[in-house]
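> Spelled out from the first residue to the last, the chains are:
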Amino acid sequence: MTVEKKHESGTKKGDVILYALSTCQWCRKTKDLLNELGIDYYYVDVDLVIGDGQKELTEEIKKFNPAVSFPTMVINERDSIVGFDEDKIREKFE
Amino acid sequence: MGVRQINEKDIDLYFNKINKDAISSGYDLNPDISFTKSLIRGILVNIERYGYDACPCRLASGNKKEDIDIICPCDYRDIDLDQYGACYCALYVDEEIKSGKKKVLPIPDRRSNRDKEKIDNKNKIGNIDLKYPIWRCKVCGYLCARDNPPAVCPVCKAKKDRFEILLNK
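Protein chains in written order, with the working numbering: chain A, 15 to 108; chain F, 3 to 171.
These aren't lab readings, by the way, just hints derived from the structure by calculation. Don't take each hint at face value.
As the list claims (entries may be wrong) - In silico EDC-like cross-links for lysine to aspartate or glutamate, where the CA-CA straight-line distance does not exceed 16 Å:
1. F:K105 - A:D101
2. F:K161 - F:D71
3. A:K45 - A:E22
4. A:K26 - A:D99
5. F:K105 - F:D30
6. F:K105 - A:E100
7. A:K102 - A:D59
8. F:K105 - A:D99
9. F:K19 - F:D30
10. A:K20 - A:D59
11. A:K43 - F:D34
12. F:K133 - F:D163
Please model the entire structure based on the sequences and the hints provided.
So, in structure tokens, the structure goes:
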């Protein structure tokens, strides 16, 4: 079973997945920036997922960010940006 | 999840309390009030959800014992303030960030090294002959020699369960 991620439609710049927490302000800023840039992305608030789904998501994150910290953004199942790194995010998508 | 709605009054109450504690013990809250209040909203959600003030920017387990290091103020606040000028979520900031001279940058989560640090600590601490054990506040480093830690750290106001034995008697 794969936990369903929410879709924000926009300009496709690759497969972008954002792992976030609903309580985290840096995750909020990351979502706001992606929305401002009009990027197409999927996101999931990991703290709102209960039970096995949460474990599954942390395993997914671990592959790209062993510390499992938030936000973690994964691009094309290859690159990742950890934390609200505004310059890096802008550089990646602008 | 059925979490009670957090209202502005709850946020203001919590803000006033931690702001008072911060000022009296030499810390500063982030001067960006709307950002700070959003962080507090996250902490209050965590109190409702888990029963303790878990860091809003970390994934809590729901097990207080397991998460004792990320109960705000977390065990990593002071060391992150020293190195980055802010704690992990940036609720607490140093003078330079407070005055706008420096910006908050992303901080790597030290928590992922905690198991390693525990082992390192063990190797450094031996048993010596003492009349009282030495307790250390894991939040601010305050030390005291007494049979049990104080109910509340006199320096940073962390609760008793945030103390560790540094030296056994």
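> Run every hint past the structure and note whether it holds.
A quick look at each hint next to the structure:
For a cut-off of 16 Å, the pair hint linking K105 of chain F to D101 of chain A stands: about 13 Å separates their Cα positions. Taking the CA atoms of K161 of chain F and D71 of chain F, the gap is near 12 Å; set against the 16 Å cutoff, the hint holds. Taking the CA atoms of K45 of chain A and E22 of chain A, the gap is about 10 Å. The hint holds against a cut of 16 Å. At most 16 Å may separate the alpha-carbon atoms for a hinted pair to count; K26 of chain A and D99 of chain A exceed this at roughly 20 Å.
Proposed proximity of K105 of chain F and D30 of chain F is supported: the alpha carbons are some 15 Å apart, at most 16 Å. A distance of roughly 12 Å separates the Cα atoms of K105 of chain F and E100 of chain A; the hinted pair therefore holds under the 16 Å criterion. Note on K102 of chain A and D59 of chain A: the hinted pairing is violated, with a Cα-Cα distance of about 22 Å set against a maximum of 16 Å. With a C-alpha separation of about 12 Å, the suggested pair K105 of chain F and D99 of chain A falls inside the 16 Å cut-off, and the hint holds.
Annotation: proposed proximity of K19 of chain F to D30 of chain F holds, straight-line Cα distance about 13 Å (limit 16 Å). Restraint check: the Cα-Cα separation between K20 of chain A and D59 of chain A comes to about 9 Å, which is no more than 16 Å; the hinted pair holds. Distance check on the hinted pair: K43 of chain A and D34 of chain F sit about 14 Å apart at the alpha-carbon level, within 16 Å; holds. Restraint check: the Cα-Cα separation between K133 of chain F and D163 of chain F comes to about 22 Å, which exceeds 16 Å; the hinted pair is violated.
This entry does not satisfy hints 4, 7, 12, going by the numbered hints stated previously.
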